[in-house]
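Each chain is listed here by its residues.
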Amino acid sequence: MIEIRFHGRGGQGAVTAANILAGAAFTEGKYVQAFPFFGVERRGAPVTAFTRIDEKPIRIKTQIYEPDVVVVLDPSLLQVVDVTAGLKEGGIVIVNTEKSKEEVLELLKKKPKKLAIVDATSIALEVLGLPITNTSILGAVAKATGIVKIESVESAIKDTFSGELGEKNAKAAREAFEKTEIYEI
Amino acid sequence: MKKVISGNYAAAYAAKHARVEVVAAYPITPQTSIIEKISEFIANGEVENLQYVPVESEHSAMAACIGASATGARAFTATSAQGLALMHEMLHWASGARLPIVMVDVNRAMAPPWSVWDDQTDSLAQRDTGWLQFYAENNQEVYDGVLMAFKIAEHKKVNLPVMVIESAFILSHTYDVVDMPPQEEIDEFLPPREPLYTLTDFDNPIAVGALGTPSDYYEFRYKIAKAMENAKEVIKEVGKEFGERFGRDYSKMIEFYKTEDADFVFMGMGSLMGTVKEAVDLLRKEGYKVGAAKVRWFRPFPREELYELAKNVQGIAVLDRNFSFGQEGILFNEAKGVLYNTDAKPVMKNYIVGLGGRDFTVKDVKVIADNMKAIIEKGELDREIEWYGLKR
Amino acid sequence: MNTLFGSKKDEAKKLTFTSESEYPEAPITLGTTLINFTGDWRTFIPEIDESKCVKCYICWKFCPEPSIYIKEDGYVAVDYDYCKGCGICANECPTKAITMVREEK
Amino acid sequence: MVWIKEVRKMEIPENVKKRLSLPAEEYFYAGHTACQGCAAALGLRYVLKAYKNKVIFTIPACCSTIIAGPWPYSTFGAPLFHTAFETTGAVIGGIEAALKAKGYKVKGEDGIMVVGWAGDGGTADIGLQALSGFLERGHDGLYIMYDNEAYMNTGIQRSSSTPQGAWTTNTPGGKKHFLEQRPKKKVIDIVIAHKIPYAATASVAYPEDFMRKLKKAQETPGPSFIQLFAPCPTGWRSPTDKSIELAKLAVQTAYFPLFEYENGKYKINMPSPNKEPKPLEEFLKLQGRFKYMNKEDMEILQEWVLREWDELKKKAEMFK
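Chains as they are written, first to last, in full-length UniProt numbering: chain A, 1 to 185; chain B, 1 to 392; chain C, 1 to 105; chain D, 1 to 320.
By construction, these hints were calculated from the structure, which means they are not laboratory data. Keep in mind that a hint or two might mislead.
DSS-like mimics (lysine-lysine), calculated; alpha carbons at most 25 Å apart, straight line [as the list claims (entries may be wrong)]:
hint : chain 1 : residue 1 : chain 2 : residue 2
1    : D       : K185      : D       : K285
2    : A       : K30       : B       : K223
3    : C       : K13       : D       : K52
4    : B       : K366      : A       : K88
5    : D       : K18       : C       : K96
6    : B       : K3        : A       : K171
7    : A       : K56       : B       : K258
8    : B       : K156      : D       : K102
9    : B       : K223      : C       : K14
10   : B       : K289      : B       : K311
11   : A       : K88       : B       : K289
12   : A       : K88       : B       : K363
13   : B       : K156      : A       : K56
14   : C       : K96       : D       : K285
15   : A       : K158      : B       : K2
16   : C       : K96       : D       : K17
17   : C       : K55       : D       : K18
18   : B       : K366      : A       : K56
Put together the whole structure using the sequences plus the hints.
Written out as structure tokens, the structure reads:
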């Protein structure tokens, strides 16, 4: 089973990202589970969301304490939240940021095995005209982890958003997929 | 068709697929997205002949469902915690008038302090209202539960309302794979309702619920008791039929998981039993002979199935995500009571877990397993009720 | 018998239930209150003086039971099986054709 | 199981029927257990005359629960659902929704009438929220509040519809002179604030007027409301034969004027706005519930009546 934790801010769509990722894995025949941190956070506050992906039905109904993958949607969170808390040995961290690999590593309490960096905000602004990074970051997730194919992400996005909105968001994900830099640490 | 949806959406889809005719509901977290989804179905023209009554309180939600159901319609509502408590009076009314209303209760802790998280005390506090209670482990069971609930509730031997219960957030807001059969197959499984009586027979008008004097009230209560007893057979029948049609069998009121050769079992209800099953597998790899007994139906209470389990195990760890103040966990209380007049006397211990949404993990199950093992080996309870994980 | 409810009154049956199985499944009514003769509640009884009656039917209109009926000849009469003796008919009668008298029992 | 199938027709001579001011048919059965001189029972008789058996009643806890007959008997020749005290508005909403889902015609000519029949306590107090919901959501139904100005079924306790200065069992008159301290709540004004299409007051003393309003309620789509004045000899400590007389006096003194509110317009039916109403004392003196009042209490109540009457006249003038 692979466990993924998303960090974002209320309104950025971290929960939707977790759901779309689950949807993408589901189209590949996997069993999935996606859920928000069961809090009462409002727009702007730090939020977390989770996805579980497995080959067999997922029965466990607890929160995720030791994720395999951590996804950070908002670069400002690196200074506020310990995003690597509980990260498994050999884990992967994916960050939306303009910062360099070194700068990001500096801010992480625990060093991942693999670090992926993408400037998802710029992509989102360019493609969608909005700084909503939840779909573009999924392109980075596909590239960095290989859990799901980028095509599955694109189709899950189009399932979630209809029409032109779906097309644009799928494009953002594809673009991020192309632009994601991956570093083995 | 398989879809990745939340527990609440599963409930909404089930209501739609059951072709409910009247929905009356009031918003409350974490129930609200059920009604939002149903409203969306209406807005998109995906449902025909569905009347949605956006009432001004849960008390009125149940009252409106009662009026609708008495008129012959298939009625549905959903709520949580405070809302369910507010409905309490009308829950008695629904069963007393023998109306097969189906309601989803998203288990949520009662305030104060305010809490929106999972806790079974809200629904269990309604155990004496004459409603059947089904506790879902996962989103699939929420969906299946609602479909079966209508069939069971409307069965001519039952005619009682059914509550389908799911966990706050853990199911209600968690996306999971749900398999939904084609509408035609559901229609075959669940034909239109044939009401016991209706208010629309103007040539033979009836008054429903007229004053029952001491010479008659008693017999009507017995009728409900008998219908509840009948419900056990109907539940098994419908659960079996559901399995034959859709591949998921619900013919047992208690789901037994690896209990055949178990020394002791964990018993509980709802979403936490998924985690327990996971833990049972891990414990078995470590040599523990353990199993899990998931109580699906709390009302009617599966006395016979519990007895069958109890006579073959040495111990039962009852996990209650609820508490009856001044007594003990409610499932524990009932299970112990059932076994008193039998020859089955397993060691029984009550673990109070996860109140107000506190996480209950595989690790916790392991700790409890060690405790139970020691108790059985020693042949003596350390204590009867344990507030597991309490900060001391 | 030409009363307000005519033959329906005759047909009204007292229902008795001796075993649980005879009860309907739900608490729905099975008959009418016409079996219940409330006439014995009365202390005073209305008496109609047809010589004063102008057939205005005000008494019929205001009877809460209802227990005033209209005969073939157009005069009113009282179904004493139900009349509780409230006296509204006498009070409202514009020609004082109805008087309430102490009923002998 | 014995089903008594009865469609009741009064055996009134045909030539007489034509001369009656009300429909001849009785769908309200005798043998009910209302008190002697009960105006609420009379009100029910009128509603059933108006709608015959094509009406579904909902009755919450109130005297009418008892009047309707103990199981297994019903006083009603139409379907009736007994419900909990505070739920009338919600239940009729549910019934209406179900009828629509099932494809029945509700209201209008030949349509099914969905009627809530509740007392003043069940309307002005505990049922106010559900009433508001019913009105605000625009259900096609009729809510009738029969107003006998106190909780009579539980033994004459004050409601918010009890007039100032009245004796009830929980506003008794004693050495310290307690009595009801607050003026009668104007439920109809609260109802009108919902801007429903049709609301009216009516009285058992004027059944032809009441019947006309019931008809109007049937013809008008959306929610309707009628506040029916219904004297209670038991609770008012009044002679049982005076119920109609009292109901008339309530109108003639302008204590309970009859008016209609229709799509924003007010219309006074009775008493005449151009004449001085009768002195209130005529209404008060027939009732034991007002016997503890002193002169000042009487003046307060008389002033309240005239002030409210004046306000109503102004509204009728302003919103024609």
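*Determine which of the earlier numbered hints do not hold for this structure and return their numbers in increasing order.*
2, 11 and 13
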